[in-house]
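**Student:** Whole structure, please, built from the sequences with the hints as guidance.
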Amino acid sequence: MEQSRRRQRLFFQRGKCEELSWNSNLWKIAGGILYFCSVPSIAEIYASPPIGQLLKVEGWIRTRRTTRTVSFVELQDGSTLKALQLVLSHEKISLDRIEATLHTGASIAVWGILRSTPDRPQPFEIEVEDFILYGEADPTTYPLQKKAHSLEFLREISHLRPRTRTFQAIFRIRSGLSFAIHQYFQERGFVYVHTPILTPSDCEGGGQLFQVTTLALEALPRHPDGRIAYEKDFFGRPAYLTVSGQLEGEMLSMGLGKIYTFGPTFRAEPSHTPRHLAEFWMIEPEMAFYDLDMTMDLAEDFLQFLTKAILQRHREELEFLREHYEEKLIHELEKVAESRFIRLSYTEAIDILNKSGKSFQFPTSWGSDLQAEHERYLVEEYAGQPVIVYNYPKEIKAFYMRQNDDGRTVAAFDVLFPRIGEVIGGSQREERYEQLLRRMEERGMDPFPYQNYLDIRRYGSVPHSGFGLGLERFLLFLTGMTNVRDVIPFFRSAGQMA
RNA sequence: GCCCGCUUAGCUCAGCGGUUAGAGCAUCUGGCUGUUAACCAGAGGGUCGCAGGUUCGAAUCCUGCAGCGGGCGCCA
35 MEQSRRRQRL
45 FFQRGKCEEL
55 SWNSNLWKIA
65 GGILYFCSVP
75 SIAEIYASPP
85 IGQLLKVEGW
95 IRTRRTTRTV
105 SFVELQDGST
115 LKALQLVLSH
125 EKISLDRIEA
135 TLHTGASIAV
145 WGILRSTPDR
155 PQPFEIEVED
165 FILYGEADPT
175 TYPLQKKAHS
185 LEFLREISHL
195 RPRTRTFQAI
205 FRIRSGLSFA
215 IHQYFQERGF
225 VYVHTPILTP
235 SDCEGGGQLF
245 QVTTLALEAL
255 PRHPDGRIAY
265 EKDFFGRPAY
275 LTVSGQLEGE
285 MLSMGLGKIY
295 TFGPTFRAEP
305 SHTPRHLAEF
315 WMIEPEMAFY
325 DLDMTMDLAE
335 DFLQFLTKAI
345 LQRHREELEF
355 LREHYEEKLI
365 HELEKVAESR
375 FIRLSYTEAI
385 DILNKSGKSF
395 QFPTSWGSDL
405 QAEHERYLVE
415 EYAGQPVIVY
425 NYPKEIKAFY
435 MRQNDDGRTV
445 AAFDVLFPRI
455 GEVIGGSQRE
465 ERYEQLLRRM
475 EERGMDPFPY
485 QNYLDIRRYG
495 SVPHSGFGLG
505 LERFLLFLTG
515 MTNVRDVIPF
525 FRSAGQMA
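Note that our numbering has the first sequence beginning at 35, numbered continuously upward.
I should point out that these hints are in silico values taken from the structure, not numbers from a laboratory.
Be a bit skeptical, because a hint or two may be false.
No more than 25 Å apart at the CA atoms, straight line, and that leaves these computed lysine to any residue pairs for SDA-like [said to hold, decoys possible]:
1. LYS180 <-> ARG356
2. LYS389 <-> GLY401
3. LYS389 <-> GLU407
4. LYS116 <-> ARG154
5. LYS292 <-> TYR226
**Tutor:** In structure tokens form, the structure reads like this:
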């Protein structure tokens, strides 16, 4: 911006005017003098309006309103949720040309002077000298209109929904959140590591995996006994898409100290809910020498840092989403950013639920997992703010979580948020070789695929901990959306590839 | 995987056994002293998701299927 404005102040040679083309930033005025136009984004114009200057602006048409002598176009270019009003005098630009081309969704470049309009709803507008059409948008078939559309409808046109302010706001917040996540960890000495996407084992045994193969599915090579001949597959053995980078993250943290992963994760579970995706993004920090309390402190500080970052850096987007989707959005974010999370041991949580006087669909008793209705009660009725539940019964948690001295609980924790439930799950890991092996045997797990994972307990093992944050679920909280399909650009879920 | 709901014009929806299926917005046409979801008038636009059944008669009732949405489970 600064550079292009300086350029505009330079003088240029006299000469004949070039034909306007899409990449032309020249403009001829009376006398045949050629000027360079600056080509600011709409965000730059709002940040520092170059009133009275000749500009070239490019974007997509949001709406057009035509009166007898003049037409108004609202132009958006993605740089801000705000639109730029263009004024087209029918004396300069024929009404026929306007009506033939300037429809909602069409893309154009305009040249014109920025005029201040202090007595109008918008602060300024472009008095258009001329425009060119990049791409038309036939109004009889273009799906988007100037009126609001349902999120369900927009899900069917995932290639066009980035044209809406709703999705511009969401994807800007998603971008800002990703940046803030890196910022938080980088400023605190964490190393960003890339754990593999292709994995050899169905680690954790729980989630269903997507199998990856180069074998011809219609003619699988088989052994005489009918087994599939995986030695002919690409890796010489079965391969899958990762369901978590945690096990590799632990190995990396045993050398690098504090690490985090931030990447895609794949689950082949046919869950038809507003909270599940087959491909989603997860952040998994893993810290050597961290116990459960330190990790819960980190998780709370992390979530508050991210929430504050979005409040500070994405006010415009939050205001838009608050106005159109969730009245309490900013209020909720501020509350989370400011107040300490309530910490309850699992045993305390069960006690509170038992004494609540509520009749739950699933009864609460020590040893059973907390259901969605229980989490909702704890967060929304009991605490009124985020809750961390820790020290769960070992039977309902994963094999790698560290056993507590009581013999019946593990050092696990979940962070429960208003509206979205569990946003973080984490634990101190079992760093003692014998205990880990015994846990796996109790569960009937074959330790063979976990030799490397066990090995790091044999050589220089240390107490360590980590957690996982589901990016899309946290984005539900930050944006006020209620379906994870609306916070990822192109969703993949059971039976659907947007 | 289990349960519930929805599917009518490009979009959002009304009609829920009885003439030729409606509204707003969008589109098109005309009008309008610069509009702000502009406004005013008019026009075009529908195999009422698909298949079958009940009935003198089905958008409407029943069955199956499909798609979408939601609740629960699993989880992040």
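**Student:** Give a verdict on every hint.
**Tutor:** Now for the hints, and whether the structure bears them out:
1. LYS180 <-> ARG356: With a Cα-Cα distance of about 20 Å, the restraint between LYS180 and ARG356 holds, given a limit of 25 Å.
2. LYS389 <-> GLY401: holds (17 Å)
3. LYS389 <-> GLU407: holds (15 Å)
4. LYS116 <-> ARG154: holds (15 Å)
5. LYS292 <-> TYR226: Satisfied, since the Cα-Cα distance of roughly 9 Å is no more than 25 Å.
When each numbered hint is compared with the structure, no violation occurs for any of them.
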